[in-house]
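Listed here are the chains, written in short residue letters.
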Amino acid sequence: MSELTSTFSVLAQLAALTAGLFLLTAFGMVAMRQVLASLNLFVWQSVFLAASAFLLGIQHASIHLYAVAAITLVTKTVLIPWLLRRTISQEIYARREISQVLNIPSSLLISVALAIFAYFVSTPLLGVSGEPLVKLNLPIGIAGLLLGAYVVMVRREAVPQVIGILSMENGAFFAGVAIAPDLPLIAELAAAFDVLIIALVMGLLTRRIHERVGTTAVGQMASLKEE
Amino acid sequence: MANRIIFNVIQVLAVMALSPLVKGVLNRLKEIIQSKRGPSIFQPYRDLWKLFHKDEVISEQSSWIFRVTPYVVFVTPIFVALLIPVLTGYPLFFAFMGDMLGGGFILALGGFFATLAAVDTANPYGPMGASRTRMVGFLAEPVFMIVFFTVSFVAGSTIPYIVQKHWVTPLANFFEPSHVLLMLAFFMLIIAEAGRIPVDNPSGHFELAMIDESKGLEYSGRGAALMKWGGSMKFFVLLCIFLNVLVAPWGLARGETLGEVLWAIPLVLVKIFIFILILAAVESSFAKLRLFRITEFLGAAFITSVGAMIIRLLEM
Chain A
1 MSELTSTFSV LAQLAALTAG LFLLTAFGMV AMRQVLASLN LFVWQSVFLA
51 ASAFLLGIQH ASIHLYAVAA ITLVTKTVLI PWLLRRTISQ EIYARREISQ
101 VLNIPSSLLI SVALAIFAYF VSTPLLGVSG EPLVKLNLPI GIAGLLLGAY
151 VVMVRREAVP QVIGILSMEN GAFFAGVAIA PDLPLIAELA AAFDVLIIAL
201 VMGLLTRRIH ERVGTTAVGQ MASLKEE
Chain B
1001 MANRIIFNVI QVLAVMALSP LVKGVLNRLK EIIQSKRGPS IFQPYRDLWK
1051 LFHKDEVISE QSSWIFRVTP YVVFVTPIFV ALLIPVLTGY PLFFAFMGDM
1101 LGGGFILALG GFFATLAAVD TANPYGPMGA SRTRMVGFLA EPVFMIVFFT
1151 VSFVAGSTIP YIVQKHWVTP LANFFEPSHV LLMLAFFMLI IAEAGRIPVD
1201 NPSGHFELAM IDESKGLEYS GRGAALMKWG GSMKFFVLLC IFLNVLVAPW
1251 GLARGETLGE VLWAIPLVLV KIFIFILILA AVESSFAKLR LFRITEFLGA
1301 AFITSVGAMI IRLLEM
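If you read the sequences in order, they're chains A and B. Here the first sequence is numbered in my numbering, starting from 1 and rising by one per residue. Here the second sequence is numbered in my numbering, starting from 1001 and rising by one per residue.
The hints are simulated quantities; they were obtained by calculation from the structure and are not laboratory data. Everything numeric in this text was worked out from a predicted model, so none of it was measured. Backbone N, C-alpha and C define an ideal beta-carbon position, used for all residues, glycine too. Mixed in with the good hints there might be a few duds.
Said to hold, decoys possible - Partner residues aside, some chain B positions facing chain A, computed with beta carbon under 8 Å:
1) 1017
2) 1018
3) 1031
4) 1033
5) 1034
6) 1111
7) 1175
8) 1251
9) 1255
10) 1267
11) 1270
12) 1295
13) 1296
14) 1306
15) 1310
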């Protein structure tokens, strides 16, 4: 293990560091109580995603990955937060605390279990590629995916659920960029715009729900169920 | 050999002499951030001087624990200072007497006696603070354990002098994700252990909201001075473990001459000053957490340390 780390260059270590911080923001999204704070964490996560793509771009000397980094930076740290802020009414941000199905300490323990699970799931896949960066990024990407899904599951508010879906997408992207650095640019572009449209549609939908029903607490939908 | 014993003693003297200064600078910085002038940075020394010259009042109802505790609280950080790198980058005479786990035990012994003494006088605020400190303590314990075991696994040793070399040779190791996450987790741990602001307000005067301070309310005169001095030495020792072992083992003496060891003192102080700047900024930008939110704060620290562990252990 020690020989491997000593052959790591500073660049690879920085890529690993962004991966670590990416995982930390994914954990943070589970732990956050405020809507605005989880949106800010999403922005940070996207910044780390872009940084990781940029560092991988230097590593592979690939112009595609620079483009991916730029697209991520523009769509996910500027456009999507702006869209969410615009389409979703202020009332949701004013409310301080998001209600959750489980309390935060137990959510955190479950999310640790999920992260470890992600490592075990990705172990058989790691044999395919010998690159150290893939070994690092793939499990963290999968962990980001699982933690995003967990956020969607456990929150009872529409807006944090939207943020959860977006962070799932971030996780998938994070793993994808590492596995397939030569993905055609058109695919990346399509994915980026897809996410943008998804965010817009979901934002408009939540706004509509809020206008009609007066709340976006989807947890209350359980009362619609017939016994 | 005689050299190393002398350096070890110098190390302890430096911890004793400089720890109130660190408190003073930190308090002054926080006051400046709040756009006040604040007391002089030498105020903690004056407080100690004043307290040593005052009469001591001890309740008749209290037992020997109450009388012994100030000495235990005062002595335990000194023992830890013998074990950890404060000024030198190479092991000193007592370095192999105990590892980081041993240091943790010794610090915990001081905390244990302080808790017992708080309960001893039956002052209503003491036991309350004691039980709260225990709550923070047992939540901080798993974080400490995971940080400690990850660090010693990575370095292959539990002796702090050996651990500190690993992270900076080569320099790329410094940016290892597990290292950065461990630093973050340990920083949160220091905030919790030293009772700084998101967890506890050290300058608060409202007994019901106190966590750490209310344990020492019953002490006066020499006892209070020793408790205060011991508390600031504990803080200094924690900073030394954090800075010299985990974050930045630069600036420590390499050679075995007296001059180099003495020159390390200002360098270590500069490092601590930079750390205190960051700590003051953190303390001024957060509000104190409600008592039951501390679980979440330390839960976040736990997650950070576990993240560091799984990145390190499951990566390969």
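Hint-by-hint comparison with the structure:
{"no.": "1", "hint": "1017", "result": "violated, 38 Å"}
{"no.": "2", "hint": "1018", "result": "violated, 33 Å"}
{"no.": "3", "hint": "1031", "result": "violated, 29 Å"}
{"no.": "4", "hint": "1033", "result": "violated, 23 Å"}
{"no.": "5", "hint": "1034", "result": "violated, 25 Å"}
{"no.": "6", "hint": "1111", "result": "violated, 23 Å"}
{"no.": "7", "hint": "1175", "result": "holds, 4 Å"}
{"no.": "8", "hint": "1251", "result": "violated, 21 Å"}
{"no.": "9", "hint": "1255", "result": "violated, 26 Å"}
{"no.": "10", "hint": "1267", "result": "violated, 25 Å"}
{"no.": "11", "hint": "1270", "result": "violated, 25 Å"}
{"no.": "12", "hint": "1295", "result": "holds, 5 Å"}
{"no.": "13", "hint": "1296", "result": "holds, 5 Å"}
{"no.": "14", "hint": "1306", "result": "holds, 5 Å"}
{"no.": "15", "hint": "1310", "result": "holds, 6 Å"}
Figure legend: structure checked against the earlier numbered hints; hints not met, in rising order: 1, 2, 3, 4, 5, 6, 8, 9, 10, 11.
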